[in-house]
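Colleague: Read top to bottom, the protein sequences are chains A and B.
Counted from 1, the first sequence has number 200 at position 131 by the numbering used here; the numbering is strictly sequential.
Counted from 1, the second sequence has number 185 at position 113 by the numbering used here; the numbering is strictly sequential.
Read the hints as simulated data drawn from the structure, not as lab findings.
Note that CB positions come from ideal geometry on N, CA and C, so glycine has one too.
Any given hint could be a false lead.
Just so you have them, the derived chain A footprint on chain B, three or more residues with Cβ under 8 angstroms [to be verified]:
| no. | region |
| --- | --- |
| 1 | 104 to 113 |
| 2 | 132 to 146 |
| 3 | 169 to 179 |
| 4 | 193 to 203 |
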Amino acid sequence: MSRRRSRRRIAASLLALLAMLGVFVVRLVDIQVVQAASLNAEAEDKRSIPQTILGERGDIFDSTGTLLARSVLRYDITASPKTAVKSGVTPEAAAIEIAKVTGQKPEDLVKVLEDAVAKDPDSDFAYLARRVDAETFQQIRDLEIPWVYYEAHAARTYPNGAVAGNLIGFVGTENQPQAGVEYSEDSCLAGQDGSEVYERSADGVRIPGSTVVTEEAVNGSDLVLTIDSDLQWFTQQTLATYAQKFGASWGTVVVEEVATGKLLAVADYPTVDPNNVAATANTDVSALGSRAFTAPFEPGSTFKTLTAASLIDAGLANPGSRVVADDTFTTPEGADVSDSESHERWNLTLTGVLKESSNTGLSQLGLLMTPQQRYEYMQRFHLGQRTEVGFGGEEPGDLNGGPDSWDAQTNLTTMFGQGLTTTAVQMASVYQTIANGGVRMPVSLVEGCRQADGTITDAAPVDGSRVISEGAADQTVAMLENVATKGWLANQIEIPGYRLATKTGTAQHADGSGGYADTYIVSLAGIAPADDPQYVVTVTLADPVKMNTSGATAPVFREVMTQVLKQYAVVPSGSSSPDLPTNY
Amino acid sequence: MSTALATAPLRRPSSPGARPNVEPAPSIEIVPGRDQRRARPRVVYASVVVGGLGALMLSQLLMSIALSDGAYAIDSLQREHKEQSRVVQQLNEELGRLSSPQNLAVNAEALGMVQNTNPVWLRMSDGAVIGTPAAATAGAGVIGSAGSQVANELLTGVPLVAQPDAAGAPASATPDPAAPPAEGSQLPLQAPTTR
Chain A
70 MSRRRSRRRI AASLLALLAM LGVFVVRLVD IQVVQAASLN AEAEDKRSIP
120 QTILGERGDI FDSTGTLLAR SVLRYDITAS PKTAVKSGVT PEAAAIEIAK
170 VTGQKPEDLV KVLEDAVAKD PDSDFAYLAR RVDAETFQQI RDLEIPWVYY
220 EAHAARTYPN GAVAGNLIGF VGTENQPQAG VEYSEDSCLA GQDGSEVYER
270 SADGVRIPGS TVVTEEAVNG SDLVLTIDSD LQWFTQQTLA TYAQKFGASW
320 GTVVVEEVAT GKLLAVADYP TVDPNNVAAT ANTDVSALGS RAFTAPFEPG
370 STFKTLTAAS LIDAGLANPG SRVVADDTFT TPEGADVSDS ESHERWNLTL
420 TGVLKESSNT GLSQLGLLMT PQQRYEYMQR FHLGQRTEVG FGGEEPGDLN
470 GGPDSWDAQT NLTTMFGQGL TTTAVQMASV YQTIANGGVR MPVSLVEGCR
520 QADGTITDAA PVDGSRVISE GAADQTVAML ENVATKGWLA NQIEIPGYRL
570 ATKTGTAQHA DGSGGYADTY IVSLAGIAPA DDPQYVVTVT LADPVKMNTS
620 GATAPVFREV MTQVLKQYAV VPSGSSSPDL PTNY
Chain B
73 MSTALATAPL RRPSSPGARP NVEPAPSIEI VPGRDQRRAR PRVVYASVVV
123 GGLGALMLSQ LLMSIALSDG AYAIDSLQRE HKEQSRVVQQ LNEELGRLSS
173 PQNLAVNAEA LGMVQNTNPV WLRMSDGAVI GTPAAATAGA GVIGSAGSQV
223 ANELLTGVPL VAQPDAAGAP ASATPDPAAP PAEGSQLPLQ APTTR
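Isolated chain A (complex conformation) (with noise of 0.2 angstroms):
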């Protein structure tokens, strides 16, 4: 009897004992498989910091070492609404305090944070001010606010503001690149953000050893331009200077360097400060770029230089081969042409119809080719095509199809540059190829990507490539030297001591539907010194109202040429020009 008892007690308590074990493993099973996740990440959220390493955006160096574009970090001032709005110190005292520091209004701040607690009484996040720099937030910090917080982010800042700003372009405000080399030199500019993992204590002191990073950080490269920012400035200078002088509505100047293709300095008016890109945004979106290499134009007379070269380089003429020139000229097909002005008939050689910068003497002589030839010589000096700078937004030019679309009028007007389109700075690298005796060099802004152990990758490319014979291009030269000297400019470009190679251009302007309007795109492309060519320089100007011919770019041209030849130390050889006859 009592033995049965005490074993029915047994087997209670050892089922109770099971019940409860049944619970407990229940419970268990709940909170290490079935919630395991959800509570792991908890846990976690509870008491590791996740932080973003900052991977450094490269910088952007001029040839010189001259640092252009810099990265550095801004902040931004946000504040806790709920929090401020409730504290006893009221958000307007420290408003007041705080506006100070930022230059904002404080009933501003005030309404910041009034607005987002009336939107939502638990808000507790807003931007007091976004963006500023480590003076800004030091100085906010040390007011100690306990409802105001930091963010730290990455950002561009840009030491010489414009200079070069068409060439660097700019970042928007998540530095995200928008323009310019940050655009197009990503690759080498970009940095990688890393991340890691820590715990940390009640008062925020990281926990020794607790660190683990996940993904390491990757700074970028640095980016070395050909643009020397002192020649830069010059440029800039000068060519905003005179274009407005001159009523220009814009202007570019490029100086390229013969021997190597390197582009020195490519200046655009108007152009954009990229520490302040709105302000240009907002009246010029063109100018946020390098019309330089995105604005295509008719270059008019500057290319009878390369028809000239052509013929010479085809054996059909040589810089004493004459033509009668009179002011109009019509074949027999109907297409005709006319000189800018009327003349009485003049017997020119092919240098007096550069000198006169006469469009029937040369239309009579480009004949001797055919349009095919023509067009390969073009091709061969790179038009239609873009550089191999690869600009943001550069264009290639337009030929207007090739000879099989041109008719007989085109035929006649692509020997002195209407009916086709370059850019500024494939007209400069034309001339670089005829300085550099026939031999184009591919043209480059930039050096190439400098790792952070000094070596260079990415390289520009510096294998040229033979467009026209030397003696063609030399006697090319020859014959624009005679223009230098004897052509209606020569006194207004003359650099005492050196020899200079120019030719001027005043093209009109095309109104977009196949017929030409009432303004004028005038340019002047030049070489110095001419015995022995070492830089080119072209300035063109859009639509110079108060001086509508090519002397509007006289004076840019001769103070440029003038600074790059100072900057780069080159005396003058004593020796004088050729002087070859322009008429018979």
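Using the hints provided, position chain B relative to the given structure of chain A.
Modeller: Below, chain B without anything else, positioned relative to chain A:
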């Protein structure tokens, strides 16, 4: 020879502290066997274990104190590093802004410097002068009357070093603040006489 021994031969020898005349109880005890003796815990072992544990705990405590002390040191050093790199960044930005060509050129011209647009070269080998020397004219600077045409937002509010009302410049050093900047007379330095 042995008088003392001879006079008290029957007395039990007693230690100096022992009470005399008390007969000690005969002590009987069980002599432990060898096995028993071996199995008995020894105090020395216990004290080694307890002491070792104590030492361990103490060293762990010391180590974690040192470690968290280090954590605070690292934390404050990292903060300091951050502050310092902020200062470096600020100074670098300031330097970049001040050394921009716009700022240098405007200041140079405000100090009366002009440029000569006629390059002339002196050849060292024979002293020959190449080019036609011409004096630079006042106001022939690049900036000139057109003013700085190359914008730089960063220079907003940066004063000219030569400004007459610049902080710290005594008024007597600039007798005529309204004089055009191209005149060198307002400079405190005298141009050296060279032949």
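Colleague: Confirm or reject each hint.
Modeller: Each hint tested on the structure:
| no. | hint | verdict |
| --- | --- | --- |
| 1 | 104 to 113 | violated (count 0) |
| 2 | 132 to 146 | holds (count 6) |
| 3 | 169 to 179 | holds (count 6) |
| 4 | 193 to 203 | holds (count 4) |
Of the numbered hints given earlier, the model fails hint 1 alone.
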